[in-house]
Structures are given as structure tokens and as C-alpha cells.
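Okay, here's what each chain looks like letter by letter:
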Amino acid sequence: MGEYIPHTPEDIRHMLEAIGVSDIQDLFTDITEELRHEGPTTGLPSRDEAWVRNYVQRMADSSTGTELVPFLGGGLYDHYSPSVVGHILSRGELFTAYTPYQAELSQGTLTWMFEFQTMICELTGMDVANSSMYDGATALAEAVLCAHRATKGTTVLVPRALSPWVRAVVDTYCWGAGIKVKEVPYGEDGRMQVDDIPEGTCGLIAAQPNYFGCIEDLRGLKEQLGKALFIVSVNPVALAVLEAPGKFGADIVVGEGQPLGIPFGFGGPLLGLFAAREEHLRRMPGRVSGRTVDAEGNEGYVMALQTREQHIRREKATSNICTNSALCALAATVYLAAQGPEGLRDVALASMERAHELAKRLEDLPGYSLAFGGPYFNEFILRCPDAEGTARKLEQAGIAVLPPSALEPTGVEGAIGVALTERRTDEELDLFVSVLEGGN
Amino acid sequence: MATIYDRGAPGRRAASTPSPKRGADELMALIPEDARRDKLPHLPQVSQPELVRHYTALSRLNYGVDSGFYPLGSCTMKYNPKLNEDLARLPGFAGLHPGLSAERSQGALRALWELGEMLKRIAGMPAITLQPAAGAHGELTGMLLLKKYFQERGEYPARHKVLLPDSAHGTNPASAAMVGFKVVSLPSTSRGTVDLEALNKALDNEVAGIMLTVPNTLGIFEDEIAEITRLVHTAGGLTYFDGANLNSFLGRALPGEMGADIFHFNLHKTFSTPHGGGGPGAGPLAVSDTLAPYLPLPDVVLEGEEYRLSWDRSQSIGRVHPYHGNFLVSLRALAYILLLGDEGLKEVSAGAVLAANYLRAKLEKVFQLPYAGLCKHEFVLSGQGLGDVRTVDIAKRLMDYGFHPPTVYFPLIVKEALMVEPTETEPLEILDAFVEAMIRIADEAREQPDTVKQAPHTTPVRRLNEAQAARQPVLRLP
Ligand SMILES: Cc1ncc(COP(=O)(O)O)c(C=O)c1O
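In the order they appear, the protein sequences are chains H and Y. The opening position of the first sequence corresponds to residue 0 in numbering that gives the first Met the number 0, with each subsequent residue numbered one higher. The opening position of the second sequence corresponds to residue 0 in numbering that gives the first Met the number 0, with each subsequent residue numbered one higher.
Excised from the complex, chain Y in its bound form:
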């Protein structure tokens, strides 16, 4: 694939910059000789048309939600409303420096405050911070709160263990470890839910808390969630809910009422902000009254008609973000909530769960579904049972049918996992076409397995060799 360095010619430029008045040598003399750069950095030299064509060409090698169905489980790849892109580009927000006074930032502070209020209601929890820049950052913040809480009570490091179901997302254990917690894995039952007996056994006075994904990464709602949180609380621990899967119960149940002490949102999932090719996202964190005193600072508060930053929280863990988190992402989420309203939020969860169960009902006839029954926003098939065709092959073959593959090989408790999350924004015809493609791939796996194993055939490149990239990493141009 040609890179931008392969385009252009020496001396070309795609941007016009006011030239300095004085010559480069004279200005460079303002820099002490030893700190002065003696050679210009090697950057591309292209004209504007070349630049635009290059990145337009790259965009055509890519697949986004705007291109087609993207059932990447756990990622909630729903449609990203165009309105919100316009709003995030309003100069009154995009051009606002975070170092300006609160007086000069009223509109932005208001947006933060309003989103915070809405998210607290959606979580059913009394306090929130919008600083975390992604879900994992919210998890890290939550773990910091956990440490602070127990430290203040004189129970840290005695309580230094965090319990994690074996179906948990990788960021959960990684976040706990960054704060020095010891991760203890909990086995799941044959139904895919937390094993209460194992939980009871694990709960001792060294446990700081549990991290749960609700519904879990199999797409299954823990029907004993209230009992789980009660057990943890009785044992003196706190409960962290990973809210990556909120799309499935938006407006229909409140984490606060399930006994959550900490709950992170993924605005880039549930609240439709675009994933940006990997980011940015936002991971606001709602907490119970118990943990509110430790939240990051500052807080946006409303006094009379004025929004203000409050630093009034002596036990705060401090900042986790230099400013107010990913503000322009928060703004998009606010616009989404404003447009949908309560009724719309409920339609989101209805639509997401309906589409997922529809696909499940169709696909369980053809593929193994290790954890059967009603699912929420997603379900996890296994690619086993198709001879020597593996899940990776199915995923690659789906590309030939014009679809982005589901999440594969996660959660780890399902062998050859295919995690399908259709979201609420796909038309029925697309869901049907996906089912059709999956059935055809299952047939192909039996009748012409090589076609599947050598897929994809129609993409800009054929199957890429990941092993070679790991063995001999080439991570930049020479």
C-alpha cells in the first residue's frame, strides 16, 4: 500500500503558512545551538490535490458504519447521527480553550452539566465524573476510587483483591492491575452467569470489590445480579459495573437499583458517538454516595443561573484528565439524548435486543450457540463444528459477502467465539442478508472449505500475515 511518503515531490506543500518575517537562520539563532535542530524532519512533500486523493484512496480501503453492517460484538457499532458532527464543529465549542474562565465557558459548562445530570438519571446514581476519556479510563478511575475508599477506611492494602468473572473484557483486569489490585478470576456457570457458590467462596476480607459486565459479555443478563451485589456488599466489598453493554437495557433498568457502586458509560457505544477508527471515546463514571467524596476534580456545578467549577472535595483522587474529558464527544452524546428523549432511549434498547434475538434465533439453527436462551444486545456463537474451518475463516469470508465480521475469539470462555451485536440501527433486510451469508458460509465450509479458509477474496488485500508482523515488526518507514 502506497503511503503518503510515496506521493509528491521535493518542494511541494499542501498548506500555506504565513512565512516568518525574518529569515530562518536569524530566527534559529534564538535557539541555543545545542538545542537547535540541524536537519528538517523527514515529512511528506505533497500538493493539496495529491494529499486529498491519497486520503480519499485510503478511505476507500476502509469499512465503517457508514459503509455497511458492522456487527462487532461489545463495540455497539450503531449509526452515528450526522447532526452531532455538525454540533461538535460549532466554533463556540471547538474553538474554546479549556484554560478560559468559567464565566467565558458557560455554554460548554452547561453542556457538561446537562449531560452529567442525564447520565446520573440513566444510571440511577447520584454522582458522576465526565473526565475519563474511554471505557478503560473509566475503569482505571473506578479502581483508583476503590483504592482511595479502602485506604481512607484503613482497609487498604488488606483489601487488595478484585474479583472478575472469566468472561470479563481484557481492560477490566488490566485496569485493576494498574492500581495494584490482585485479580481473582471467577468461573462462570454453564449458563454463562456468575457462579454464586464460587463467588461466596472467594468473598473474604481481602476483597475490595467485583467488576461485572451487565449484561455480561455473552450478552446474558445476570438474573441474580441483585443477589451478587448484596453478597459483595455484605462481605464489605464494592461493586463495579462495566457499562459497555448499556445499549441493551437503556431506560429499562438502572444500575444504581441493581446495587452498583461504580458504573462506567461508553459514550462511543451506547450514545452513538463515532469510533473514529479506534477513538476518541468517552467513559463517564457514575458512583454511589459512598464514593462521591473521592471523585476527580473539578466538578461542574450550577448556582442560580451560573455554571461554575467547584474544587470543594478534599478527599478527591485528583485529576485523571487534564481538563474535562473528551468534551466534544460528551457534546455529541448530549445531543443524542436530547433528540431521543426517554421514549427514544427505550426504543434503542428495544431495537437492539430485538435485532440480536432475531439473529440469534436464525443463526442458532446453523451454528453452535454454547449459551442458549434469551440474549440482550448480543450473543456469542461458536465457529466449532465446521470441520477444519475456523472462526477466523468465517470472519474473513464474511468480508466477501460485504459485511464487517463480528468480534472473534472473545469472550475467552467460548471456543472459537463469534460475538454478534447488530445494534438497533440496521434494517431488517440487512439482518436477513447477514443471516443468508452466514448460512452460505456454513454450507461452503462443508462443500468447499478452501474457499472459506483462503478468504477474503474480494478485499483490497488478501488475508494478511499477522505472524510475520509479530516476528519481524516493521512499524515505520526507514
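For reference, chain H alone in the conformation it holds in the complex:
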């Protein structure tokens, strides 16, 4: 442990003397005696680095899930992250810095934040974007709070075809803020069916694509909403080929940024995307980088619009968020820059192509069918004669899918969820098909 703390006994003596005390204990006399804790806390001995590495490595090895080929999506997808992403993230100047409060020492962070905001605006068709939220779920929840504040409405309309993981978070936040959550059903095509917008609605949420992988028809929704906000939760990779929600009048676009070069990491850290139309700028949560000039007129960047934030506005702030998911936003920035417009489109198209290829082959198998008739992107819901059994057989053959239990909360029975990315090979598709054929 001495490796992290450089104080030698000599240093300690010197410092104590300068302070005017004789012992380290004298620095803790303000903690009253009955509160002072003596003896063990964790009960752990100190270890060397090699010991810790081995111990944790063994833990990693016992997570056998990584041996399975992930045909498992549900909001997080197995896209390839080019090596450059990880390497740039490993620059100590970037990842050991904090929030760029001191702009002159943080031009690196502030510049990539500005790039990131630009890219997210481009993808979503929004005017402004912040530099990250914790994850797509909390970003969506905060968008609802934003709509609540903007309209004073107390009901939010949430699609039933929303990830149950995301939905659970939205429900919690809404309960806390006193917002009622009303479900919007889906039809036989798996897409949402919005009929009436009740009085007092603060916002309507659409997921694009939705939890079933279906591509929603976003036309005409904004027009039905009156003053309620239109909130679209997106998969950013899909936006390479799907029309930007801004074109459909979205007020706020949020999303899970994990597909942009961020590893699964057992579900965290993730990346919350948050973009909005200009008119909502001052209601937006989170850090924002803005371009300005220095004392000599040179271009530079600072954190802009801080008067929305908790460190200035306290209980009147647009959100409590402080620490965000910056490093994941940097990963997404580098990923998007590495792919470029055509690369990102190829990733999206290849993922979609693979999904459609597999779906077609599975549909030909007796007893199997797609649960929904609507258009889909890189994920589909497969109805199976024995869904539990299918999931189990696939796992035995080395394939992970979204199990039936993950679909039941959305009212889908007897089915599994199947997601593909550009990484899925012909051999993996063949294996998948052969398991269901019973030939495995």
C-alpha cells in the first residue's frame, strides 16, 4: 500500500512538527472518543498487487457468460469497438481529470465534449445536446422530469414496448416526483398505438427502435400532443439509417449510448444521451461545453450555462446531476469519429442485414415465427413452441438470447429476443439455426 502513499516516516515527522502536534492520533481528537473506531473494519489484511490481480482474475474467469455468443440485446448491443477507442481512453491526462471546472487546464475535455455534442445533435436532429447522463434509463427519466417542469402536466405516456429495465427506472423517478405513468399499448405489428392524449399529459415517450426491435412510425405524434413534449429514446447506431427524431418534431431525444464503442461491463458504466430543441435548452440537465474566446481573442471552450446546474442553482436546478459519464462519452466520440458517416451506416446496415437473414431462416422452421409483423432493425422477438427450452438449448450450444422472463413484463409470452450486430458470423448464424432445427 506504500505504493500509493509517498509519506516516509521522516516526512510524517516533519509534517506533524509543522502542524504542531506529536502524533497522527492528535489529528483525530475532534472525533469524540466514543465515536472513534479501533480495531478491524473490513477484517482484510493488506495484499500485494500480484495477489489482487490473481484474485480478481479468478473472479472474472468464473463469469462464464462471456463464453456465450451474445445474440442478447435488449438495449445493449455487441458492436465492435475499434482498438483506437480503448487506447485514447487510456490517456491519463483525459481519464484522471475531473469535470472541467478550470477551463484553461481542460481544453482537451471541453473540446471533445463540444465534438460529442455536435455528433449527437447530428444523429438526433436536435439543436443542443449535453455531454452525458449516467445511462439511457436515467436520461429518459430526467427527460420526463423536464417535461413535467415545462408543462406542469402530471401524466407521462410510456410505451409498453419499452425495456423493462428502463421502465423500472422511469417508474421510480416518476413516483418520486409525483408523476403518473400511463402505458401506451402496442399493436400486432409490435408498434405503439397512440389514440388519445389525456388531459394533463406532460409528455409522450417513443422508443426508436422499441424493445421488440420494431421501427416506430413517428409521424404525426407531435401534432397530437398539444403542449406536451414528445420524447424519443433512441439507439444511436440505428440513427445512421433511421430518420432523425428531430424531423418528427421531437422535443427531447435521449438514448443509451453503449452501442457506440462501450463494453457491456455487466451493465455499467453506460452512457446517457440527452439532446433537445433550443427552446428547452435552459431546462436541460447536465454539463455542456460552449465555445468562447480567451483574453487574446483565441478560440477556446468553457462549461456553458452553468446557471442551470446544482452547484449554482441548488434546489432550483434542472437536475441534481454532477458527476456524469464523461469517459463513456469520450469513447462514443472517438467511436463515431473512427467510423465516420459511412462506417456507422455500415455498422447499422450490417447489423440489420444479419438480423433479417437469421429471422428469415428461423421463420422457415416449423413452430417458429416472428412475434410481430412490423419492420425491425437489428433485433426481433421469436415466438417458440417451447421458449424456455429453446433458450436453454441455445445456451447449451454456446448462444445467449434474451430469455422469456425478460419479455414477460411487456406482455409477451412464449418468446425469446434475438439481437444481432455486424460481429455475428455466418457460422454463428448456422449454429443458431441448427440448434432450433434440433440438429445440434
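Just so you know, the hints here were simulated from the structure itself, not pulled from any lab data.
No more than 27 Å apart at the CA atoms, straight line, and that leaves these computed lysine-lysine pairs for BS3-like:
no., chain 1, residue 1, chain 2, residue 2
1, Y, 38, H, 221
2, Y, 181, H, 151
3, Y, 20, H, 359
4, Y, 38, H, 246
Using the hints provided, position chain Y with the ligand relative to the given structure of chain H.
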């Protein structure tokens, strides 16, 4: 500053992606026409060497803990061990999808369980959730628990007020407000601690609880903390401890024994996980038995030799995170605890408090220290008394001496605040060099104030105009 959009040329790419087999038009036809994007998004077009050079150049415009001393008060900018970066990249963790079965996720569940156990012991509290993704998220979760608790007892909304010392961090009132609590500010005494008389007056049957930072944001340990929590409990309220400052008493006192009902950790502070340029962090929340029934779900439990997810908690507030919180951050914190052990954890708090008091003893001779006396991991100077040189000027001038400035203008109860937190990971020579720089800046403020007021002089850009960025926000490229 050139952006990545200023680099490259049309047609360049930095990544190779398997091309789809069929042509783009054919594939786009799978998307209904009205949902189809008709124009590619405007993204950079650069080759890999250009990409790497651009971000390497940006990194050189940045200052992190790896660059030098970063005494940003309240943020605990300590050294981030490299081992933990390696461990967080192990494929067995990084490549694990959270939708996999518990059976397939044993190693990750074990890491979560072990960290949870360790943190409970460090807090001296019986229950924990690792879902919160940052400190403020932990606060929000805590406020949700508070609401749930009183609702279940039929005392909400009657109890709808949360008490907050005026020295509190901005996230505290913001978190309380997100759950609809009314924030009532408590004045501090001249010693910087909670005013017991004011507290007593504020405690009525509308108070749900108090949020305290321990030690407080002045770096002062509330010596009457036990009395404060007792008073709040007697009045029927609960106590929230903001644990951002745990680095100062790690292993030496337990929040549970001080009467905390809720305590959030900042793993990215106390437990050395890197701040990432603003995040991610992690804000696990430990609670007393009273609140355990309301914690988020699911819980990781150990049964025999197997780790399992338990949903057995009917009164839960629900999820605050879609999965298990910032797992890879939790993993780094676990590795840190494993390496240090009890002895190491105590050395951390000893080193942090020693370094802070050393700097305080040296700097109080030159700068105003409105709240004098023993401090814990940090102390707050005032930049007043240097003519028309202000704290912001001192901060900017420190950059010319090669240091990241302290936190400035917080806490709000100190005018022209300079909040210094050295952490335990700085060598004595660096602490001395910082003192030297501060003394020189104080001299400069008297002798050549313009040098200070126009600082920084040596950074990649000169002082930036924040007012203009606020007046005419330019938040993206056109
Ligand atoms: C005292 C205090 N409380 C709460 C927070 C919020 O923590 P986080 O930034 O992790 O959300 C901070 C961090 O800046 C803090 O210093």
C-alpha cells in the same frame, strides 16, 4: 481549438467494418420509407493516424491527476492505481452482458457482493445498494427512501421538509427537490458546524430528515454529530450522511455509530476510481435496518456457494439504475480495498488528514482561514484581503506554477473560498512546492497584481470568457 471535424478529408475512415453483403439501397428498403434516413449524419471523416494524433493533442491540453497536483476540494483527486484499470478491462467483466443469468455471471455477482459486504463494514451499517451511479444519484435514492418510509407510515406528505446546513453541496438540495421535499436551510455557527439551537428550532413534525456532510464541506468534523442525530431521531426524522468526505475518517469512525440512517459513498473519491473527465463514478448507499426494506431491487445474495439475485423485498422503491450500477467502477473500488486492507485504509485517512493539516498550517500564515483549527481532509481559505485580486485570479495564477487550482467559490458560506484537498497521495516536496507557489502569488498580488489578474499566462489558452459563452451560447458546430 481545432475539432476533429477540422481534420481529415471526405472518404477517409479510421475503422474497418465488415461491409454488408447486399448493397445499401437494397438494405435501406427494409426500412419503411418514412422512417428512412435520407442523408448520412454529418460525422468526421478521418484516418486512424489523424484520429490518434487529434486526441493525443487534446490530451496534452488537459490536466489530470497523472499530470500533477490536483487539490480540488471535495473531489478527492487522489492517484488512481493502474492495476485497477487492467482489472476493469478483463474480458470476464468488460464483456459480460447484464442480461445473462446469475449462473453465468457468478464472478461479477461475487465482486458486487464482496464490495457490498466491505462497504457495509466500513459504514458500520447493515444494508446496501450498489445501484447509484454517482454521489448525487445516491442522494436521490436516499431521498426516495425517505419518502417511501414516511409514506408507509402515513406521515408523508406531513413530513415534507429536509434540513440542510448552509454549507451543503449543491447536489444535496437539488436531490431533495427532485423528490418534492422542501429544503430548509440551517445556518452554521461561527465554528462552521451545525447550530444546535437553530436545529432544535427547525425540528418539527414536518421534518422528514436532515442531510449532513461528515466532515462538513469546510473540512470540519461536527464534534456534536451524535447529539445532532439524536435530536433529529427524537423529533421523528431520519439522518442522511453525504459521504463525499469519507477519505478523512476511513477506518477510524463508522457513520452507523454516529447515528446515520443513510450514507452514500463516492467510490470515485474515497476509493480511488478515476474521475474520467467528469465521470463515471459510483455512489453506493448504505442504510440502517429501518430503511433496508425499501432499498432498490434486485439484491445480490450468497446462498451456500452460489451468488443469486433476490427480488424478495415487497416494499422496494424500485430500480434507480437499469442494472447493477456502475459495475466496472465498483470493481476498481473492490480491488483498491483488497489491496489496502484495514491497515491501508487507515493509512489513507491518516495521510489525507496529515497532508491537509500540513498545508493548512503553512497557508494560514499567508491567507485568511475563516474557520480555524484542526481540519480533516481539506480546509477552506478565503482569497479576500489581497487588494483587488480575487480568488479566481489566484486559481488561474496557480496554473502558471504548474498546479491545478483548488475548488473555488464553494462552500458558499466562505467569501472568495479556496477549498484545498491535497489527498494522501502527494509527496511532501509537491506539498511544499504548492505552498511556495501560493506564497508567491500572495506576494505578487501586492507587488504586481496585474500579473495575477491576467493569469494564466502559460496555459494552452489564456483566461476564457465565460460570460460570453453564457450570453451567446455556441454549443455545437453548425
Ligand atoms: C460534498 C459532496 N456531495 C455530493 C457530491 C456529488 O457527488 P457526485 O458528483 O458523485 O454526484 C459531491 C461531488 O462533487 C460533493 O463534493
